[in-house]
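A.B. asks: Sequence:
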Amino acid sequence: MKVGIVDIGSNTIRLVVYDVIDMTYKEILNQRSFAGLIEYVDDDRLSQTGMDKLVKTLSNIKELTYLVRCDKVFYFATASLRGLSNSIDLLTYIKKELDIDIDIITGEEEAYFDYVSLKNSKITKTGLGIDLGGGSCQVFAFDGDDVEKSNSFRIGSLLLYKTFVSSLFPKEREKKAIKNYVLAELEKSPELKKLGFTDIYAMGGTARAAIKLHRVLAGSSPKVKNNYALTVEQIDEMIDTIYDMGKDGIKLLCHVIPERVYTIIPGLIAIKAICQYTGAKGIVAIKSSVREGYLTEKVIKK
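Taken in order, the sequence shown gives residues 45 to 346; the numbers are from my numbering.
Hint data in this document are derived by calculation from the structure and do not stem from the laboratory. One should not assume that every hint holds.
Restraint ranges, calculated between C-beta atoms of paired labels, are given here [what the hints assert, rightly or not]:
1) 266 with 217: 27 to 35 angstroms
2) 260 with 211: 21 to 29 angstroms
3) 166 with 140: 22 to 30 angstroms
4) 75 with 211: 26 to 34 angstroms
5) 238 with 270: 23 to 31 angstroms
6) 145 with 76: 18 to 26 angstroms
All C-beta atoms in this analysis are idealised placements derived from N, C-alpha and C, irrespective of residue type, glycine included.
Please model the entire structure based on the sequences and the hints provided.
C.D. replies: Put into structure tokens, the structure is as follows:
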């Protein structure tokens, strides 16, 4: 059975098609579109222009699911839609225009699906995981078959850029503002300070982009490797190198991670702050995503 999962995020909208056989799945198509929905949000409302852009993007995705002959397609949204005051109007509009139902998942559900995805990867049975997206960050501690603690924070690479950065890259005072904001957000879950994990398992676009950037700066190909470790010191070095390179640094980002030229530095600063708050020495970036967890819980187990 071919199953399409459409993940509507604050920055990107991604269609992944899986071949599902019994309790197993294999990715056969991965298509990404950049909508930047957060740019169309004002006072927690998505503008009509933003709605129309979402409809156009989803229309193209829906057509693609027909072309690849998906048996089932599921659409879900994360922080991109769940904080909107006009989300009901938006869902009604999309249903009318495209006959699509969108499942807006809670931050708690998103963290759980992240955990399920990480568990499926069989990388580790215990640890601390994060999923840093464009509009939010899920942080979850897990042990065996249970999530022990989880929370969803308003920490997203695109959100941070939009809130704090006045030009292409953050100035020194803006870097400090981002760091202080992230640390203040994490204070909502002070128990994260006491977990004692050395590494954080990092999911999401910022983590994958960090892998690409680090590999290129080290003289390797930008291909994303699973279980790729980065220390806080290495993250610092990446940030400093991009700044030191000046225009060449901008050109490098445009070549390696063009979709994240604006957001990679705020995202890396956020990851550093999370490591600082939790006492971790670095991250282990993994390919797993919330989509595999959603597929497992909403489709395969049903």
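A.B. asks: Compare the structure with the hints numbered earlier in the document and write down the numbers of the violated ones, lowest to highest.
C.D. replies: Violated hint (a single one): 3; every other hint is consistent with the structure.
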